[in-house]
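Line by line, the protein sequences give chains A and B. Just so we're aligned, residue 0 is where the first sequence starts under numbering that gives the first Met the number 0, counting upward by one. Just so we're aligned, residue 0 is where the second sequence starts under numbering that gives the first Met the number 0, counting upward by one.
One thing to keep in mind: the hints can contain errors.
[Unchecked claim] Here are the in silico distance ranges between beta carbons for each label pair:
(1) 83(A) - 313(B): 34 to 42 Å
(2) 84(A) - 337(B): 43 to 51 Å
(3) 111(A) - 62(B): 46 to 54 Å
(4) 313(B) - 216(A): 28 to 36 Å
(5) 293(B) - 84(A): 24 to 32 Å
(6) 67(A) - 115(B): 36 to 44 Å
Don't read these hints as lab results, they were simulated from the structure. In this text, a Cβ means the ideal position worked out from N, Cα and C, and glycines have one as well.
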Amino acid sequence: MKNPYTPYPVKIDEIDIATEDKSLKTFKFVFLNKADEDNFSYKAGQFAELSIPGVGEIPIGIASSPIEKGFVKFTVFKTGVVTSHLHKMKTGDVMGIRGPLGNGFPWDRLEGKNIVIIGGGFAFTTLRSSIVYMLDPANRNRFKNIDVVYGARSPGMLLYRDELFEWEKRDDIHMNITVDGTDDPDWKYNTGFVPAVVEAKIPEADADTFAIVCGPPIMIKFTQPALKSLGYQDSQIIMSLENRMKCGIGMCGRCNIGRELVCKDGPVFTLEELNLTPGEF
Amino acid sequence: MEIIKIKKSDWAGGIDKSRKTYHLFGPVKHKNHHIFRQLENNIYPDMEYMSSVLSPKSVLFPQSQKILVTSADASGKACHIFTPPEQDHTPRAVIGIRPCDAKAVQLVKLNFDTKEYQDPYWCSAFEATTFVGLAVNTPSVLDFSTSAGSGPFAQEGLDVLLVDCKDHYLAKILSQKGKEFLNTAGFNEKEDPKAADQVIQQMKISAEKAICSVIQTQHLKKKTVLELYEAPFWEDIAFSCISCGTCAYVCPTCWCFDIQDETQGKTAVRFRNWDTCMPALFTRHSSGHNPRGEKIQRVRQRFMHKLKYFDDKYDQGIMCIGCGRCVEKCPVNIDIRDICNLMNAYKPEKESDAGEIKGEIK
Chain A
0 MKNPYTPYPV KIDEIDIATE DKSLKTFKFV FLNKADEDNF SYKAGQFAEL SIPGVGEIPI
60 GIASSPIEKG FVKFTVFKTG VVTSHLHKMK TGDVMGIRGP LGNGFPWDRL EGKNIVIIGG
120 GFAFTTLRSS IVYMLDPANR NRFKNIDVVY GARSPGMLLY RDELFEWEKR DDIHMNITVD
180 GTDDPDWKYN TGFVPAVVEA KIPEADADTF AIVCGPPIMI KFTQPALKSL GYQDSQIIMS
240 LENRMKCGIG MCGRCNIGRE LVCKDGPVFT LEELNLTPGE F
Chain B
0 MEIIKIKKSD WAGGIDKSRK TYHLFGPVKH KNHHIFRQLE NNIYPDMEYM SSVLSPKSVL
60 FPQSQKILVT SADASGKACH IFTPPEQDHT PRAVIGIRPC DAKAVQLVKL NFDTKEYQDP
120 YWCSAFEATT FVGLAVNTPS VLDFSTSAGS GPFAQEGLDV LLVDCKDHYL AKILSQKGKE
180 FLNTAGFNEK EDPKAADQVI QQMKISAEKA ICSVIQTQHL KKKTVLELYE APFWEDIAFS
240 CISCGTCAYV CPTCWCFDIQ DETQGKTAVR FRNWDTCMPA LFTRHSSGHN PRGEKIQRVR
300 QRFMHKLKYF DDKYDQGIMC IGCGRCVEKC PVNIDIRDIC NLMNAYKPEK ESDAGEIKGE
360 IK
């Protein structure tokens with residue numbers, strides 16, 4: 000019987016400060032055992048438990064992409080006991096990763112479709128994973144148009160800035176980077192909240208379009224009417240949720256929304272599915 | 000089907016024989032009540048017990064359990080590489096478990112033994128365990144098991160059903176595991192199965208008749224989650240709750256747990272502990288956001304989970320076996336039977352009706 004609580008041992012290979020306020024860091028992990036890397040085969044949109052022995056575990060979306068081999072990456076906001084401890088750790092330190100967990104984005108259903116990606120703040124990690132996955136030459140022709148809206152409070156709070164600006168230059172993905180506000184006179188992208196940019200820049204829905212939305216609750220709340228005005232049905236809006244978790248495998252009982260377990264049945268649901276639940280997230 | 004007769008004068012001897020192969024668990028008097036615990040060599044299960052404060056769920060799911068250990072000594076090679084501790088999966092037997100508590104184990108199994116993941120601690124313990132049940136001849140006034148998918152003589156989840164017939168037990172063998180246990184204990188006096196089963200049937204009928212407490216569940220399935228969730232009675236139900244969690248700890252079907260780490264000297268240990276959905280911390284995000292921050296949301300979660308979400312998810316009836324423990328122990332008298340009946344009978348007012356009623360009140 001495989002023990003789903005035992006983490007794979009990993010070593011911190013690289014730590015990048017991800018935002019100007021240093022509240023987010025991106026950790027690159029390498030597996031101590033090659034076989035574990037093969038077993039940790041994941042889809043964009045899944046998450047894992049980062050496990051620090053003696054401290055605890057935290058569920059974090061996987062920021063690296065399935066096409067990136069030899070390592071896994073997670074971008075972590077410093078907020079509680081485990082994340083604060085992780086932010087103090089150094090390269091070379093050994094810890095654990097348990098996963099991959101959750102359903103991930105529904106790639107079978109997304110194939111051959113136009114994809115709209117809408118992200119805000121720290122919630123761009125699994126979206127970054129998805130974009131890198133779709134832009135891979137082996138995958139790009141499996142999807143039609145890709146439109147992205149990604150917003151943060153200020154330019155320095157955008158995650159993965161180098162990649163964002165590279166994607167801006169490409170013609171096979173339409174980027175709409177935005178910030179709430181900036182005093183940088185050289186800022187050449189959008190200014191304004193995500194829902195407004197969605198309404199102005201995102202194409203109207205047709206039957207072949209899906210929107211993936213990840214962000215803070217306030218952004219999600221105001222993005223829904225924006226998408227609705229563009230003709231998106233609830234079945235075309237895909238959301239990735241977070242709830243407090245412990246086990247990550249559907250057993251410990253705290254992340255449920257009605258009968259759905261966010262850790263195992265989710266974290267990805269369509270808005271249509273969520274409309275049938277009590278919405279406790 | 001095989002039925003064995005066990006003379007009460009032979010009982011203790013058989014229990015002693017079985018100890019050579021099995022770790023025994025059973026009801027033992029503790030102060031003014033009974034608890035289920037492991038039986039040392041000179042301790043025998045108290046087969047006269049009426050009920051135990053806690054169900055025997057801890058035999059498979061201890062209140063606190065080490066799940067992983069590792070060295071926290073940075074100078075060593077295996078530092079911070081977690082592995083499961085050694086576990087004892089030699090045969091164990093639960094003697095005298097009530098039929099409804101055995102049914103509860105089957106419901107908990109749906110959580111721990113799934114298609115995608117098997118909880119190795121629970122599943123191994125389950126595999127190792129033989130359930131030797133004791134039929135309830137005189138049900139308590141709080142017993143509502145017959146309307147909750149079980150009953151005083153129910154067999155589901157049992158390997159042997161013992162029926163107390165004054166000077167002897169009739170032992171109905173229900174599985175290979177049960178047969179092996181009785182063999183090991185040296186109980187092998189076969190009864191005529193037809194005649195013995197008739198005796199058991201008679202006793203079953205009179206025990207079931209003695210149960211006067213019932214719940215109604217027949218309409219729960221066809222109601223939608225949102226209908227029940229938005230029903231107006233939750234505020235009243237939750238009003239007196241003090242979020243103590245007693246209901247969850249005494250419940251044989253509650254399985255929620257917490258995972259916590261500790262460093263003890265140069266060893267880091269990961270534990271899992273029983274948890275309850277009653278306090279706000281249970282679901283609080285690190286940001287402070289809490290999807291069930293209000294007491295009414297948590298009380299509603301408890302009963303919706305047991306009486307609606309569970310059946311919607313597994314199609315195995317409600318997540319309650321009618322033992323009556325939570326009814327007895329709740330310090331503010333919240334009664335799952337009333338809530339179940341309220342949910343079952345609830346008919347949401349149609350919007351048009353609601354409008355008419357509003358129109359009348361002027």
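Of all the hints given earlier, name the ones this structure violates by number, lowest first. Hint check: 6 fails alone, others pass.
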